[in-house]
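Protein chains: 4
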Amino acid sequence: MPSPAAKIGAHSRGVFIISVTPFTDDGEIDWPSVDSLVEFYLAKGVHGVTILGMMGEAQKLSDTEQAAFAKHVIGRVAGRVPVVVGVSHAGVDNLVRLSKTAIDAGAAGVMIAPATGLKTEVQVRDYFSTIFNRLGPDIPVCLQDYPLGTSVNFSVPTFLQLVDEDPSLVMFKHEDWPGLRKLQQVRRAYDGEARRRVSILCGNGGLYLPQELRRGADGAMTGFAYPEMLVQVCETFFAGHAEAAEDIFDCYLPLVRHEQQIGVGLAIRKEILRRRGAIASAAVRAPGPRLDRDDAAELDSLLHRLERRLSAAPKPSSGLAA
Amino acid sequence: MPSPAAKIGAHSRGVFIISVTPFTDDGEIDWPSVDSLVEFYLAKGVHGVTILGMMGEAQKLSDTEQAAFAKHVIGRVAGRVPVVVGVSHAGVDNLVRLSKTAIDAGAAGVMIAPATGLKTEVQVRDYFSTIFNRLGPDIPVCLQDYPLGTSVNFSVPTFLQLVDEDPSLVMFKHEDWPGLRKLQQVRRAYDGEARRRVSILCGNGGLYLPQELRRGADGAMTGFAYPEMLVQVCETFFAGHAEAAEDIFDCYLPLVRHEQQIGVGLAIRKEILRRRGAIASAAVRAPGPRLDRDDAAELDSLLHRLERRLSAAPKPSSGLAA
Amino acid sequence: MPSPAAKIGAHSRGVFIISVTPFTDDGEIDWPSVDSLVEFYLAKGVHGVTILGMMGEAQKLSDTEQAAFAKHVIGRVAGRVPVVVGVSHAGVDNLVRLSKTAIDAGAAGVMIAPATGLKTEVQVRDYFSTIFNRLGPDIPVCLQDYPLGTSVNFSVPTFLQLVDEDPSLVMFKHEDWPGLRKLQQVRRAYDGEARRRVSILCGNGGLYLPQELRRGADGAMTGFAYPEMLVQVCETFFAGHAEAAEDIFDCYLPLVRHEQQIGVGLAIRKEILRRRGAIASAAVRAPGPRLDRDDAAELDSLLHRLERRLSAAPKPSSGLAA
Amino acid sequence: MPSPAAKIGAHSRGVFIISVTPFTDDGEIDWPSVDSLVEFYLAKGVHGVTILGMMGEAQKLSDTEQAAFAKHVIGRVAGRVPVVVGVSHAGVDNLVRLSKTAIDAGAAGVMIAPATGLKTEVQVRDYFSTIFNRLGPDIPVCLQDYPLGTSVNFSVPTFLQLVDEDPSLVMFKHEDWPGLRKLQQVRRAYDGEARRRVSILCGNGGLYLPQELRRGADGAMTGFAYPEMLVQVCETFFAGHAEAAEDIFDCYLPLVRHEQQIGVGLAIRKEILRRRGAIASAAVRAPGPRLDRDDAAELDSLLHRLERRLSAAPKPSSGLAA
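In order, the protein sequences belong to chains A, B, C and D. This note's numbering puts the first residue of the first sequence at 1, with every later residue one more than the last. This note's numbering puts the first residue of the second sequence at 1, with every later residue one more than the last. This note's numbering puts the first residue of the third sequence at 1, with every later residue one more than the last. This note's numbering puts the first residue of the fourth sequence at 1, with every later residue one more than the last.
Hints are all accurate, no fakes.
Taking lysine-lysine pairs in the DSBU-like style, the calculated list, with each CA pair at most 35 Å apart, reads:
(1) K7(C) - K44(C)
(2) K44(D) - K100(D)
(3) K44(C) - K71(C)
(4) K119(D) - K71(D)
(5) K71(C) - K71(D)
(6) K44(A) - K7(A)
(7) K119(D) - K119(C)
(8) K7(B) - K71(B)
(9) K7(C) - K119(A)
(10) K71(C) - K100(D)
(11) K100(C) - K71(D)
(12) K71(C) - K7(C)
(13) K119(C) - K7(C)
(14) K100(D) - K119(B)
(15) K7(A) - K100(A)
(16) K7(B) - K119(D)
(17) K100(B) - K44(B)
(18) K119(C) - K119(B)
(19) K119(B) - K119(D)
(20) K119(B) - K119(A)
(21) K7(D) - K119(B)
(22) K119(A) - K100(C)
(23) K119(D) - K7(D)
(24) K71(A) - K71(B)
(25) K119(C) - K7(A)
(26) K119(C) - K100(A)
(27) K71(B) - K100(A)
(28) K119(C) - K100(C)
(29) K44(D) - K7(D)
(30) K119(A) - K100(A)
(31) K119(A) - K119(D)
(32) K119(C) - K119(A)
(33) K100(B) - K71(A)
(34) K100(A) - K100(B)
(35) K119(D) - K100(D)
(36) K100(D) - K100(C)
(37) K71(D) - K100(D)
Hints were generated in silico from the structure; no laboratory data involved.
For reference, chain A alone in the conformation it holds in the complex (with noise of 0.2 Å):
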């Protein structure tokens, strides 16, 4: 059972992996593909992990079968790092059953967005505070500004009250797009002011990590199928080498935007976690997206290039990388 200093906080940092959920060819959880999944994200030096987001396929499982992997992901992780659990349901009562069920099993904390059809900044702000207030003080919670994903925008001076407002609120889970400037403003209302701080994670399967970096972002919370790539490239950062981590994620871009595509990404990502051995299926649950020939031909040659990209780059040193 892990500790209570494993828990989310203001001062998280570095990399908390979007976790895929492995399927079987027949779409049922494949268990044993999700211990090697684990301890594949675990072995490439991941500093948290986050599990039911939306490319965790989350809203194709059943409640049983949330609460299920749930328990079972924090159970194999053991206290290594800490999970996340995303809870984002369209009924309050659900995502409140869930978010005490993940941290009775010893979750670090849970990830939400607004649920789809909010309209109003006002109506953004109603619904956090009613959940604030339902979860209560001791679920540190994440929150996911994913416009594009939900259609439910809001901006800077909301996100502030609620952070004034619930102490809860630890970490920000930002993936507007485009969203440089927001991020920058979010953490400048904290470092300039005195103001409590909160975490900045971003998503969007990494695309601009080394812009968010330099512009105050704490590490990445999102999926890409190399984890290793977003772990040297967070620690070379922090480590006071911004050009270098920005160099090791060009290597990576080309294929960081390949996996980039909604919809088809996400059988992208689960087909390179296949080749690399970390689950044994790659298959999505429906309705989703299936690779044809043509995309796993493309797929083989973005591969080659990144391999001979990689073997011909000079290697960060250790020391950056650990």
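Given chain A's structure and the hints, the job is docking chains B, C and D onto it.
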């Protein structure tokens, strides 16, 4: 256990009331109110009951609650009228699981809306083809066309192609808006040709019910808090008295329009059902609307006006609206 | 040339009819019909005219046509009632140019909706601040809140802040839907506090006009093809006869609802105006709806029913609806 | 006056640069910069120029400005390469008028996106059929498929049907995202069958250009601030050196991705063009983005990194990218 004859089919006609889901003030399913609500609907003469639709807050129930609710209602109705179960879900696996649960419990069919996120009509067709394959030939399907709620649009040829290919598609829940012409095109495609007929029932709170009946609808599948109006309008119309049917409808139109407000309309509907004794609490699960004092006073005024109008209007003869 | 007194202001009240733009069957502006339409509206007792709104097909006119149309209508009205000119445009420069043209020609004010593509409420505020700065203090502005048409949502505090900062914002065209509570919150913000008042006129085809008046609206800015109904309802209501006003409204409600269909509703409205002799052709510019034979027969039926109801209803005494 | 041979057609290939519209700091069209920009593009080797696209801020120009800009650019280009004119407009009449103006002035074709608000694919087909009828057979059309900008989605069969019916549809601007498979389906529909060919040029800032070329694209129609990269990539690819083409592309990818940010991306593009001497001011018309100090410093860093990479990269042999 209902007989096979209770299944919905191409000739289903009348009012399939979209049932609310009654909650206690604490947000739990209120089982005694479920029973009283079923009896209320049946006493008003509905020809079928549809549960777990959007206005039934299905998306805010857990999977376990959905299954329990479906079984309970089907058991309570006990074959007196057909029960259709809404099974729309972000994941096809969950959709299929609930469908089978419902049919095994005695449901007359399932209702399915296209998953949010489908963009093109080819995607819509592929989505339903996948589902029809997974459900098999023995589960009659009502396809719900509700772009305002799903953000998915498709045109008549796409629907007709689905009908041509999938024998279990037997009912069209029409609630595109505006959509009078679409309804008529679907009707004519079958009436004028040698094609297979489907039943067309109309949603959208019944706002255009008289026009829809004149254009060929077989009835209504919607949830107005005065189901007897929907029943009287349909029965009067099918008895050959279109103008008299529309007179009845127009009496209630101010309230139909009032209930038609997206969001708050559900709170209004539940409050009327509460006042009429059908359910014990008007609670809507979070995130959801709640009437304030002004809303309640406004509703008082509208209900008072309805009563006044009803007592002034000539009663429909019992021969028409038996 | 109208006097300065004709400008819209915080106490503007009554019916500002949203004017259609009459076209010939070939799609050219039909200038004789513009004149006859103006006279039709004025003969029905409207208290103002709003041109170049969305239902005026402003977006399908060239900039040259917009300016010419505005000048022509303002000249024809000749100060008998105030004329508001819709100037919404994707570019602020064009918006400002048309505003100045309109005001120079004698317009009473301009109507502006937020540009499609604004996402957050900070963006909405910035957008209007830019515009108010560019327009200067002498052009009274009616801000149109129509999320169904613009996909831009904002909440009451954002609107109040704009009012606090921008003295030329004098009128709120309320057509959020549902939006009864929003309207009332805006009203109370001024009535209950020492804040500056704004006029509130309601759109959405007038579908909730009696409720809106009871909640504090100053009238309607919408375009129903029977402007005399809107006038009678408002005047009867402001004479203190709320129930009588609503009785008048309810008579027309079936048709209000019919005209309220997005898209085809404009073709219906123009066809009624044509039948009533206000314009020579019901043509809507492409891309736009066109009534077919079924639509026309349906409209016949609804108009026949309206006539029947009107001849049966007690006439409002001339003292109320003068 | 350009010769008829300059018209776009089914075999058009290469880079049609999406031109920005240069403004002075006051927001007026900067005519000297228009000239210098044209010369800049031509000096970089583009095979065509497309003006008045969305990234050309066409929607913020008045109709008069659009016509003047089109004539000016066409005159300046003077037949050296084909000029395509974006004519998308909410009203078909304005669209047709600008099309004829452009063609009379010597345009090689017009580019048209479906009007925002079209919902079903039948509506999309009807929309374009109307337009093709109105334009007649002598105006070659490039159909722009950009759902992220228009919110209109259609599938391959709909596009193919339009091609079958409308001979003047000769070019497909592919920028559905993700859309690699769609592009390939369109390509194969013509290559594998006896159908009429269309030219396929890709947009989306060129983010997937190497993949798109491999899947059958004929080139790019997009507006990256380094047009020479697009030219080199296409020419190298068509010379049979796909890997070398992708190497060139990958060098620029960090900047391609940076410019790809919706909204602020245009300000970045214009700022780079300003720094490169192509235009005098980076001004974007309101409402539009403006770079702040942080944005500028970030851009400095990215440009510096690009220079470093370019000086390190092996030059493409002149034989490939002539």
